[in-house]
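J.: 1 is the number of the first residue of the sequence shown in full-length UniProt numbering; add one for each residue after it.
Taking lysine to aspartate or glutamate and the EDC-like style, the derived pairs with C-alpha atoms no more than 20 Å apart in a straight line are:
# : residue 1 : residue 2
1 : 58        : 35
2 : 53        : 32
3 : 58        : 45
4 : 58        : 48
5 : 53        : 35
6 : 58        : 75
Derived from the structure by calculation, the hints contain no laboratory data.
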Amino acid sequence: MTRIILFRFLRSLLTLLIVVTIVFFFIRLSGDPAEALAPPDAPPEVVEAYRIKMGLDKPLPVQYFSYLTNLAQGDFGYSIHTGRPVAAIFMDRLPATLALGGTSLLIALVFGLTIGIAAALHRNSAIDRLVMGFSVFAFAMPNFFFGLIVILVGAFGFGIFFGASASNTISLVTLLPPAATLGLAHMGAFARFTRSSLLETLNQPFMRALEARGVPDVRRLLRHAVPNAAIPVVTMLGFSLGGIVAGAVVTEQVFAWPGVGQLLVRSVATRDIAVVQFLVLMVGLSMTIANLLVDILYTVLDPRIRRSSP
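Sequences are here, hints too, so could you generate the full structure?
T.: Below, the structure is given as structure tokens:
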């Protein structure tokens, strides 16, 4: 068990290093940040002074290893526009993104698992067809398109303007629309995957044996079928967490949500290198940790993984 966890951990560290390296080199392909920071009519000497101040006058390999050294020391740099530490800027936006992501995942899990179980218990019925149709629609609908529909319906139908940009405050009214928008696709995926896994479990010999012994339907479902069907569904958590992190960038823009995704888009537009590098590092770190935890949880729940993994 310890060997498996160590293997997963080392693989996660390698993934994170690759992400950091890709971001470092690709962000420098978008142009010279010194030119973006300097005034439009600044002479070359001023631009060069900015470049020296930001350490961009050094060779690229030197910049890269200097960046890795600073990361190891906990020095993540400062915003070139505000002068604030990028970690402090990130912490200001983190609560809004955590609230959005956590609520959307909760909505996707609760409703997705519920309608997925209902579809499996009523196979080939109108309920099953309705749930499967909804799951296809939810998975195919782009976040930004559904978000725009929600905003238009709220504004013109109910006189409610969703978004937290005016006061940067989080409330249930402003949180639920973007959270539902972000969780919609994952709700459909959970529903479809839960239905498939539960149907497979219900057809297993041990379920028929329990039925032959006279075990009540509710007990067979809750104590035996659902726990066994949930093991494959755990795999979906890793993909859903990654999708929620990526989808938050678009959803926060649509709803003017004051989170990390909105900050990332603005930082890319203004070529704030230190902020972009740190935010992408945090996104990669969160997804890596999430997938590592899912791998460990899956290993704990399924003994077959412990026997077959290195």
